[in-house]
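Enquirer: Everything in the sequence shown is counted per this note's numbering, starting at 249 for the first residue and increasing by one.
Rather than coming from a laboratory, the hints here were simulated on the basis of the structure.
Treat the hints loosely; a few may be bogus.
[Claimed, not checked] Quick list of the computed label-pair ranges, beta carbon to beta carbon:
| no. | residue 1 | residue 2 | range |
| --- | --- | --- | --- |
| 1 | F340 | A395 | 40 to 46 Å |
| 2 | A395 | R425 | 40 to 46 Å |
| 3 | V396 | K338 | 38 to 44 Å |
Ideal Cβ placement from N, Cα and C applies to all residues, glycine included.
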Amino acid sequence: MPDLSTLLLFTAASFALTATPGPDMLLIASRSAAQGRRAGLATFAGIATGTYFHAFAAAFGLSQLFLAVPIAYDVVRFTGAAYLLFLAWKAFTSKSEAASTTIENKTHSSIQMFRQGLLTNLLNPKMVIFILALFPQFVKPEAGNVAVQIMILATVLNTVGFFINGTVIVAANHMMRTLGGNGKLKFLANYVLGAVFAGLAARLAFESQR
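Take the sequences, apply the hints, and build the full model.
Expert: The following block contains the structure:
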């Protein structure tokens, strides 16, 4: 297990990285503004779960595939871009939902948001490269099982992300409510969400591995 000084240093690095606005934060904020806090939290939960999958792959060397076989990286990259474009199309064509929904519909929506957050994260090979670049700097073979250390670091990263993105979720949802999210702004929020998905797709498709 990493020692306390390593964990504190990694926590500080995680805070600096997570607090810097990026694709995940933009996606969570736009989702929260368009569809509420529940959708934002479900999206974050999916992204956090995806981070665990990437950490697990890094721990067992599976993610080295992207470095050894470049075409595998490109396949995942373009699949992710296509999926994001599909989500953008759904956001652009969606209609504003009624304020009163059943518990079943809310549950179904949360599952959808979780799944979308998870797939968006899993189909982003940049996340693999990020973990491969950052985590080894804080892993010490003499501190114990390397796989366990990596999963602990992933938990720290997700915990820090929960507090920072939780604040973003509340702020984005509060802003939309204050501005009157049930009217025309609801449609605008959906268009912004679609633009975010389309922008992420373009970023993923046109950026090279390096």
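Enquirer: Against this structure, judge whether each hint is valid.
Expert: Comparing the hints with the structure gives:
1. F340 x A395: 40 to 46 Å: holds, 42 Å
2. A395 x R425: 40 to 46 Å: With a Cβ separation near 43 Å, A395 and R425 satisfy 40 to 46 Å, so the hint holds.
3. V396 x K338: 38 to 44 Å: holds, 39 Å
Checked against the numbered hints given earlier, this structure breaks none of them.
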